[in-house]
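Undergrad: This is what each chain is made of:
2 protein chains.
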Amino acid sequence: MKASQFFVSTLKEAPADAEVVSHKLMMRAGMIKRLGAGIYNYMPMGLRVIRKVEAIIREEMNRAGAVELLMPVVQPAELWQETGRFDKMGPELLRVKDRHGRDFIIQPTSEEVMTDIARQELRSYKQLPKNFYHIQTKFRDERRPRFGIMRGREFTMKDAYSFDRDVATATLSYQNMYAAYQRIFGRFGLEFRAVAADTGAIGGELSHEFQVIADTGEDAIVYCPTSDYAANIELAEGLALLAARGAATQDLTLSPTPGKSTCEDVAALLGLPLTQTVKSLVLASDELDQDGAIVKTTIWLLLLRGDHDLNEVKAGKIEGLKNGFRFATAAEIEEHFGSKPGYLGPIKLLKPVKVVADRTVALMSDFVCGANQADHHFTGANWGRDLPEPDLVADIRNVVAGDPSPDGKGVLAIQRGIEVGHVFLLGTKYSKDMNATFLDENGKPQHMVMGCYGIGVTRILGAAIEQNHDERGIIWPEAIAPFSVVVCPIGMDRSEEVKAAAQQLHDDLQALGVDVLLDDRGERPGAMFADWELVGVPHRVVISDRGLKEGQVEYQGRRDAQATKLGLAEVLDLLKTKLA
Amino acid sequence: MKASQFFVSTLKEAPADAEVVSHKLMMRAGMIKRLGAGIYNYMPMGLRVIRKVEAIIREEMNRAGAVELLMPVVQPAELWQETGRFDKMGPELLRVKDRHGRDFIIQPTSEEVMTDIARQELRSYKQLPKNFYHIQTKFRDERRPRFGIMRGREFTMKDAYSFDRDVATATLSYQNMYAAYQRIFGRFGLEFRAVAADTGAIGGELSHEFQVIADTGEDAIVYCPTSDYAANIELAEGLALLAARGAATQDLTLSPTPGKSTCEDVAALLGLPLTQTVKSLVLASDELDQDGAIVKTTIWLLLLRGDHDLNEVKAGKIEGLKNGFRFATAAEIEEHFGSKPGYLGPIKLLKPVKVVADRTVALMSDFVCGANQADHHFTGANWGRDLPEPDLVADIRNVVAGDPSPDGKGVLAIQRGIEVGHVFLLGTKYSKDMNATFLDENGKPQHMVMGCYGIGVTRILGAAIEQNHDERGIIWPEAIAPFSVVVCPIGMDRSEEVKAAAQQLHDDLQALGVDVLLDDRGERPGAMFADWELVGVPHRVVISDRGLKEGQVEYQGRRDAQATKLGLAEVLDLLKTKLA
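Order-wise, the sequence lines are chains A and B.
Going by my numbering, the first residue of the first sequence is number 1081, and it counts up by one from there.
Going by my numbering, the first residue of the second sequence is number 1081, and it counts up by one from there.
Because the hints were derived from the structure by calculation, they are not lab data.
It is possible that some hints are incorrect.
Any copy, or any two copies together, can satisfy a pair, since identical chains are not distinguished.
Unchecked claim - Here are the simulated DSS-like cross-link-like pairs (lysine-lysine), alpha carbons at most 30 Å apart as the crow flies:
1. K1113 - K1206
2. K1512 - K1113
3. K1104 - K1579
4. K1177 - K1113
Note that the structure is a prediction, hence the values are computed from the model and not measured.
Model the full structure from these sequences, guided by the hints.
TA: Rendered as structure tokens:
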């Protein structure tokens, strides 16, 4: 294709509201154009990438035996009322009334419509398993859309839904999709990791996130470099870092720690390692009556080693906190601890609280903790002697790099990632809510076991750029680059030779099926090169009069530090090899 | 592909709400599935057709130099307020508020967003002409959605927008799109006609509709079989059917016509040809003050030959009726004519009215018309002698088959058509409303001249079926069939030979790039054949044990009355030829 027949529109500066690099670069490269908060036009350059991403997804979904269909963007509310999500989902769900005042929603996902199709179409065990997918426009009215198309409101998603007769076959369907996702993200040419994920509110059986590795990712992902272990930090199991509790060697001592309210400050003041300190966090859980009024509040003291952080997802799995919790108020803390925050601890409480110790804390001895007295901490605290054993010992912390891997095969490392895919064994939640049954061999109705599998099509673009860019611009992986090769003639208007050679190389590459662009815009070399480095085309060939006189052109890969001179025939061979 | 890996779901009976054949057959063939009024799931079989339609459109749009992008489904109201369409469009425009209470619309089309992109991106005459298109989900909240996806609420449309520096180049862009549409509809394999269309409220320069010919079409299209003339009946010019006015030969006579209030009845009673009668239609136009109160009403008498019908679009172009008109009330008629409808005429009026005679009526002599007296008509009426010449002579009728063609090259014929495409030279309406300008050679801002070009992607399916079906089902044109060939093995489970031959033929065809389906569902032959005739696959090969023993298989084209026996190698050659 010639640039003059396409649409190239680059910007020197990114708009002020672009915070992250992918957003900045996509705006500057003319890939997207803002229409409203979290709503973007996909410009020709960006749409080419989307189409390549979609094509790879489609190929691999089809290869995996999934069948494509297309569900509407505007969906009747009735189905969403059947599952209760019409009311339960917050303002993220865009609701709309038609001319007759009937309720509709703009789809954020399609479990309801898909389950409705399945309950009508899949009537016998003979029709199972079945996996349907679509690639469609979605809308989620994010409270604070940001990061360009990484957290936009309108976006394109591939969502697939599998239907099985039982959990055993559903697990096979899940594994099939997991394998397809491995192929898909592999083909994109992105560094990614499939990590075990929390199954959250739906409480399904199995869940993995596909995370594109990027320093700027919102998610922390935990993995073991010497084994297969990988999980979202929300889920990654924290083992006790001590083999057994040591014997008490110190007396419990009240130490003044004026103004030192953090473990770090206390450890520094006392000249002790941070790992000797214990952090106290106070939560509250409320029991409600049927009108939503609080009938009873329980106060919880969660104890973590000073260098560890609370994992709220894990805390939320504790019996008594499952239905929700909050941080305790200053008044509740004063009432139970007789102290202000910063000096709290498990010893000498005014009123009983539920004490939950992290696995490591439960094995600590001679530890430091708040004394429930302003500007004071205890040192030499020991379980059993100075305070009763905790009510509960649980894994309530985020793992940290260097922790032992839960599979016993090494130590954990942590990376940042951007979630671009999610596979989820849903079980029977939706099929029960919507009574989606099939008849088994005995003619008895059974609820279908479902899985759902999403890929954020447009988000992939952002994630790919967060992972692959430099100070000059985007560096697209080969498979999803808007163009594979750009041919840049210098002085095409002055030299027939340059024009002919550029056109010939373009035609030869196109004949080979290569996605090649001939930049015939007549830009100066500097501006032309800057454009294509910004856009991130993987391969560039520069053809100049001077070069041609020596029988040479210049080739430069997007990651190469400098150009290589070689003959026209050679550059074709080189590109054939590189693009093979 | 194997049927077992796909999803085939046919119905014996169409649902009761399916009125037209395409709706019935699409439902029965499992192409679409109703989700709500005018909202459909595109099932796997239907989606395959949609994808083929889209691919052809995309290829030809690209070939024509248009550049694809993608605009959002949910669009901010601000742009629609700039053009006034946010308020002016009725409830067809689906309006929605986001979580912050801001107004958005679900796009029915994208002139506003496109013009907004153009005014930001196209700044210089050097960037023009430019043509952008997208293929995207649209929504129009039709008052009465019907005919399946022919008049649904959510649908897929390709809409393109061209931007030019002046009307001359815009006309070239228009012609370029017109030619692309000719190629597109030609490639679909549909019988179609491009017809000149009324430019309506926008009042643009040029407009053509692309109509798929079908007896069930909603539109009447007029064409001349011996010339290029073709127009929508709304626009087709009706010439005077008399060369000149004949001399009066009869006296004006009041004839009793008791109970005969139609021209047909009066002509029959009097033993005169219908073409000797004149029909009177009474319209009213109201002048409003700025508060919308009526300040003056004009009564109009429109005269048509008895066998002709009023063309309201043409009437709406008459000076004085341009701003709208209505049929007169009974009271208004009584006041001006002193008679009830059915016996009205242009002679002996109580109060003055504006008399508009159709071109033919103005040349009639000795005609029959109502006498403004119940149960009476005049015969022998003559212009000038019995009544004054009309205030206006105009083309206000629908043409009828057999009329002379306006280009003088033959007589007109009329077909029914389904509008599936529309090209429109918009002029500067949107660019002026939204101040979309470019700088010309002199650095002066000029409004861009726009064209817009739509194709109803999903509607094509309905139109194709209305045109191509029989009592057994759909007959897809080759280019957009969900599958080109279906291989039907009989007794595949009993015979290894049948299984192997079917698989081999499938693999051979697939290797040739043919879209082939192997029906491995194990259905009985009758049910299997009925399914594929219903679905409308163009080519079927039946492989049976008995046939193979004779070295033969059976080939049948979807339009063939019966099957042909031939060898396996021969059938491959035959299909190669047919699919070439």
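Undergrad: Are the hints correct? Go through all of them and say.
TA: Tested hints:
no. : hint          : in the structure
1   : K1113 - K1206 : between (48 Å within a copy, 21 Å between copies)
2   : K1512 - K1113 : between (42 Å within a copy, 22 Å between copies)
3   : K1104 - K1579 : neither (34 Å within a copy, 57 Å between copies)
4   : K1177 - K1113 : both (29 Å within a copy, 22 Å between copies)
Comparing the model with each earlier hint shows a violation of hint 3 alone; every other hint is respected.
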